[in-house]
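Participant: Spelled out from the first residue to the last, the chains are:
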Amino acid sequence: MSAPILEVKNLQKHYPYKKGLFQKPGLTKALDGVSLTIERGETVAIVGESGSGKTTLGKTLLRLIEPTGGEVHFKGRDITELSAEQMRKLKADMQIVFQDPYGSLDPKWTIGRTLEEPLRTHRSHLSGAALKQEVNAMLERVGLQPHHGERYPHELSGGQRQRIGIARALILQPELVVLDEPVSALDVSIQSQILNLMQDLQTEMGLTYLFISHDLSVVRFISNRVAVMYLGKVVEIGETKEVFNNPLHPYTEALISAIPVPNPNLKRERIVLAGDIPSPRNQPSGCAFHTRCPKAMAQCKTLQPDLKEIGSKHYAACHLF
Amino acid sequence: MKPLLEVSHLSTDFHTSAGKVRVVENVSFTLAAGQTLGIVGESGSGKSVTSLSVMRLLPKKRAVVQGSIKLHGTELSTLKDKELRKVRGNKIAMIFQEPMTALNPVFKIGNQLQEAIIQHTGKRGKQARELAIQLLKDVGISAAQQMMLSYPHQLSGGMRQRVMIAMAMSCDPEVLIADEPTTALDVTIQAQILDLMKELQRKRGTAIVLITHDLGVVAEMCDKVAVMYAGQIVEEADVKTLFQSPKHPYTKGLLQSHPQLSDDQQRLFSIAGQVPTPAHYGDGCRFASRCSSRMDICDKIPPAVTSFGDSQHSRCHLYGGEAHVSAHTGS
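Same order as they appear, the protein sequences are chains U and Z.
Numbered by this note's numbering, the letters in the first sequence go through residues 2 to 322 in order.
Numbered by this note's numbering, the letters in the second sequence go through residues 201 to 531 in order.
Calculated from the structure, these hints are not laboratory results.
Treat the hints with care, since some could be wrong.
Lysine-lysine pairs mimicking BS3-like chemistry, simulated, CA-CA at most 30 Å apart [what the hints assert, rightly or not]:
no. : chain 1 : residue 1 : chain 2 : residue 2
1   : U       : 242       : Z       : 440
2   : U       : 268       : Z       : 202
3   : U       : 268       : Z       : 403
4   : U       : 296       : Z       : 398
5   : Z       : 337       : U       : 268
6   : U       : 20        : Z       : 308
7   : Z       : 337       : U       : 296
8   : Z       : 308       : U       : 19
9   : U       : 268       : Z       : 440
10  : U       : 268       : Z       : 398
11  : U       : 242       : U       : 10
12  : U       : 268       : Z       : 452
13  : U       : 242       : Z       : 452
Beyond 10 Å from chain Z on every Cβ pair, some chain U residues (computed) [what the hints assert, rightly or not]:
no. : residue
14  : 8
15  : 101
16  : 103
17  : 122
18  : 147
19  : 287
In this text, a Cβ means the ideal position worked out from N, Cα and C, and glycines have one as well.
Full structure from sequences and hints, please.
Facilitator: Written as structure tokens, this is what we have:
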């Protein structure tokens, strides 16, 4: 196997916060030692509840948020040590698509201008006509027409705007794309259009995806591997099919059992977790999940479990194993 | 079973700068005590406007609501505002998707809850306070005393929704209209809230109208389902029939678009195009432009409703329809 496209080692993002005037500041551990490898051409999904740190992870990988510790190796190079200028150049290869395309598109720019902008920055040798051609080709690639380039974001529907969000990210032909909840704001019928589109583009352009989502049915469809996050840590990672069929961590088990299935004849035993995800400011001691875990044991309160390989390429951080 | 809530031929028009726009057209449904009706549809299908019309919560100057809404046989649509206030909150309550916007940010939970109790039950002071605490306990908030003193921003999304449910339940309503109550919540919290709603329904016999876009939630919660598209109910059936043998191509499409949890799928089914705006509904079937079973007639004539047994009805030309009463036929 060739070298992985992305290797994340012990990535940390700690935010200091003031406890009180005379006290030492505390630390909010948004990312607390995340390690992850992504192979070229695969789709790795990150799932977890709000507050689990999945979006912070996506943004830190692109250094849209600066990490406070750890390493991110992109194609063998540690990008956390790059200068701003070097990083800017590298951004042509690493792109991101956000959940709300309306918030990430400039309302005063035409779609055409939004799509030209990355080309102007990274491919400054292109002439005006060539720019236009590239933009039109990209619009068609995402299932729109050249005339959409003359429109403004508010003139498009949610699905069309997300197509633009994808076009903007892909116009520089990146290698790695972080997709942060790309279909969460869309209706089911539009969601399936966009998921199919993303899959087609991946094959055509040889893309590697990091797919962040809270929707497990979507993740089941699109990803090859899935990492489950809880309070800034990866608690389980493995091949998607294996994780869904045979979840190891009690948190993963509960997450999967909580998904409402569109089949009224199916009566499943649902594991309902008590309470909410704790605030990352007061992380529970030991295993962070022990406060909600139906299978918690004495040692879970004090001892933090490490990520261990339990099945083939299937890792979990839990004292049960 | 005698229906508790009976909505018939409900239509809602909005006055816009472009003239009158019909957002909900000829919607009818009934609901018995203890039953849950799901209204499913995509954005722009008119499901929220339907519920706001039933509650008469739309601004009078902007919206014209026609049709009949009966609760226990009493017509609500002709009630005076003052009389209506006795019904709304007391007998029909509503919860919304985003509890943060439905709660007042500058008042404590306890004050807001007691306000609702004082308005509707006539209980005052200590009695109102005790009832408020009891309601919070009923919705699974163990630290109820402390919750009374909290402000909405101090609570998580799931807790806020519990408070909303407690408030809606404060008058023991007969009908609860829940508009996307769990859409903004994480799956684990969604499971808690859905369980809570089911439990309250079992204890109190509340009828629930559940508005949602999530077919999974429908399958778990509802007894019967109305599928809305572009302002109309296009299919109606009991929940098992709807999932087992959907008749309308839109319902079929929706069900197939949903990614499966159990299988490997190479490709998702998708419905081409998007929901039309009221200006683009056209003369015929409103789904025609996206429909894979489209026929010539679909563009020209609006389909009539065909019934399959007592419980399933579908608005589609594929099944002929019983009565082609339409101005467009020229007969």
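Participant: Would the pair residue 308/Z and residue 19/U pass a check requiring their Cα atoms to be no farther apart than 30 Å?
Facilitator: 26 Å, holds
Participant: Find the nearest Cβ of chain Z to the Cβ of residue 287/U and say whether that gap is larger than 10 Å.
Facilitator: 20 Å, holds
Participant: Going straight from one Cα to the other, do residue 268/U and residue 440/Z come out at no more than 30 Å?
Facilitator: 13 Å, holds
Participant: Are all beta-carbon distances from residue 147/U to chain Z longer than 10 Å?
Facilitator: The claim stands: residue 147/U keeps its Cβ more than 10 Å from every Cβ of chain Z (closest is about 19 Å).
Participant: So if I understand the rule, the pair passes when the alpha-carbon distance is 30 Å or less; does residue 268/U with residue 398/Z pass?
Facilitator: 15 Å, holds
Participant: Is the straight-line distance between the alpha-carbon of residue 268/U and that of residue 452/Z 30 Å or less?
Facilitator: 22 Å, holds
Participant: Is residue 268/U within 30 Å of residue 403/Z, Cα to Cα?
Facilitator: 21 Å, holds
Participant: So residue 103/U supposedly isn't at the interface. Is its beta-carbon more than 10 Å from every beta-carbon in chain Z?
Facilitator: 13 Å, holds
Participant: Is the straight-line distance between the alpha-carbon of residue 337/Z and that of residue 268/U 30 Å or less?
Facilitator: The given pair, whose Cα atoms are some 28 Å apart, holds under the 30 Å limit.
Participant: What's the verdict on residue 242/U and residue 440/Z, does the C-alpha distance respect the 30 Å limit or exceed it?
Facilitator: 28 Å, holds
Participant: Would the pair residue 20/U and residue 308/Z pass a check requiring their Cα atoms to be no farther apart than 30 Å?
Facilitator: 24 Å, holds
Participant: Hint check: residue 337/Z vs residue 296/U, CA-CA at most 30 Å. Holds or violated?
Facilitator: 26 Å, holds
Of the numbered hints listed earlier, not one is contradicted by the structure.
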